[in-house]
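Undergrad: Chains as they are written, first to last, in this note's numbering: chain R, 1 to 309; chain X, 310 to 519.
Bear in mind the hints are in silico, worked out from the structure with no lab data behind them.
A couple of the hints might just be wrong.
Computed list of lysine-lysine pairs in DSBU-like fashion (alpha-carbon distance at most 30 Å, straight line) [what the hints assert, rightly or not]: (1) X:Lys336 <-> R:Lys120; (2) X:Lys417 <-> R:Lys218; (3) R:Lys114 <-> X:Lys417; (4) R:Lys234 <-> R:Lys191; (5) R:Lys268 <-> R:Lys218.
Covered stretches of chain R, as calculated for chain X (at least 3 residues, CB under 8 Å) [stated by the list, open to error]: (6) 174-183; (7) 300-309.
Quick reminder that beta carbons are idealized off the backbone N, C-alpha and C, glycines included.
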Amino acid sequence: MSDVRQHADDIHDQFSDHVDVSVDDVEGRLRTLVDEYKVPIDEARRSVTNHYLDESGLDREDLSSGSSEVVEIEEIDEPEQWVDVTAKVIELWDPRSDSVAQVGLLGDPTGTIKFTKWAKSDLPALEEGGVYELDNVVTDEYQGRYSVKLNSTTVIEALDEELEVGDDTSEIEGALVDMQSGSGLIKRCPKDDCTRVLQNGRCNEHGEVEGEFDLRIKTVVDDGIDAHEVIFDKDATEELTGISLEEAKDMAMDALDTTVVADEIREKVVGTYYRIEGPTFGRYVLADDVTELDGPADPEELLIKARSM
Amino acid sequence: MSQSELTREVARRVFAAEFNDSTYAFKESDDERAPNYALLPTGDRANRIFLVGTLTETEDVGEDSEYWRGRVVDPTGTFFVYAGQYQPEAASVLRDTEPPAYVSIVGKPRTYETDDGTVNVSVRPETISVVDDDTRDRWVVETAERTLHRIEAFREWEADQEAPESASTAPTNEYAQMAREQYDSPVENYRRTVIQALESLEEIETEATP
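Generate the whole structure from the sequences, applying the supplied hints.
TA: In structure tokens, the structure reads:
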């Protein structure tokens with residue numbers, strides 16, 4: 001189906017309850033604008049939509065959004081649905097491929113979702129922090145996680161309003177592939193509300209202080225699609241490793257070296273599969289609920305798929 | 310430093326059979342520090358991989374200093390893993406681990422051209438950990454899934470090439486295109502290795518059930 005035909009279909013769907021009009025008629029109007037008068041498709045679509053609004057005496061608000069449905073982000077639970085969302089661009093990420101114009105995270109009061117905008121759809125750029133009405137985006141699913149894809153039929157409208165973004169809990173299933181420096185038994189600044197991690201006994205803010213011991217791990221959990229940075233606080237670290245803060249202090253005391261704790265933890269956790277749930281802070285996920293994935297894996301379903309491909 | 314240099318490269322899941330065919334290496338820019346990628350024949354780039362398999366052999370092949378080679382076997386073939394003085398932790402795991410053992414490895418693909426012009430692909434490990442058989446099985450299933458996904462995307466792209474006039478929402482797939490230009494072996498081969506890998510798990514299950 002051509003792009004114009006797709007747009008014509010969408011417009012037709014919007015008006016079919018109100019006006020007696022054929023898809024061909026809509027397409028004809030669009031083609032006149034696009035092919036003869038070289039009007040951009042978005043503008044042509046707006047213009048044709050307005051024409052039918054006038055003809056029918058309807059207001060824009062009266063229209064159903066046609067084949068796409070207005071949804072909130074948390075409602076998205078099925079791939080290949082055409083939907084309209086109003087969302088804020090929380091973060092833009094670097095596209096990994098030239099075929100992607102923009103990729104990032106959208107949020108609304110109900111949650112967040114990844115979006116991808118293809119280079120070939122030739123859409124205007126979204127800005128970080130901007131709030132947009134995105135009509136006609138397609139949902140997609142991969143490994144149980146949903147995303148939306150902007151395509152050449154998507155209509156982007158920048159809104160001049162603020163949008164609260166809801167608390168977002170991430171769930172990641174993947175292999176813990178790296179433990180970063182600053183993990184294990186650390187010391188924090190004891191000053192009120194500081195809690196900075198000390199570097200060689202020094203706090204960036206308060207200089208040399210008598211630090212307080214704490215346990216934490218900074219890791220990368222990689223699901224083969226994205227590398228997520230995950231932080232385990234003291235409780236999560238104790239649960240994950242079975243090493244308590246007291247035991248960690250004893251280990252360090254025996255060895256006269258705090259790095260033995262990180263080494264021991266690394267040996268236990270790197271290279272293992274986990275499911276991790278927790279809130280997202282910027283680029284970090286804070287591990288709230290951690291399960292080691294050690295049950296048997298079931299190849300049956302995939303085998304059926306592989307054989308039928 | 311640009312944002313892209315700060316973004317950590319994802320560890321691709323790839324079976325040994327496909328990995329060892331990934332002989333074409335490239336960079337995305339002329340920048341000296343630009344990351345190296347191996348081109349996977351199913352149409353993706355890999356700067357890092359994650360693999361789990363059976364360590365069957367280790368040998369110090371170094372002359373002046375220690376240089377450890379490990380053979381790590383998955384259901385489709387063998388990964389060759391090399392660790393020397395610049396990968397001290399990985400080297401010490403290879404030195405200290407008694408094969409056979411299940412290991413999981415995070416590492417970078419490296420290509421090496423021999424005198425007769427053959428290109429060998431190996432893994433330079435960042436970390437090696439001893440793991441259990443459930444982790445191995447989970448990796449086989451996960452890698453099968455990722456490989457099938459790449460094959461699907463490759464075929465979608467192929468279909469798109471054949472019918473360019475139809476407006477499709479299928480993305481362009483530059484690495485599929487690159488793979489077709491660089492490699493002879495059809496993606497169908499890798500579908501077969503996926504089946505082979507998954508069947509090997511089934512057999513183990515059948516044997517375990519009386």
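Undergrad: Hint compliance check: list the failing hint numbers for this structure, sorted ascending.
TA: none
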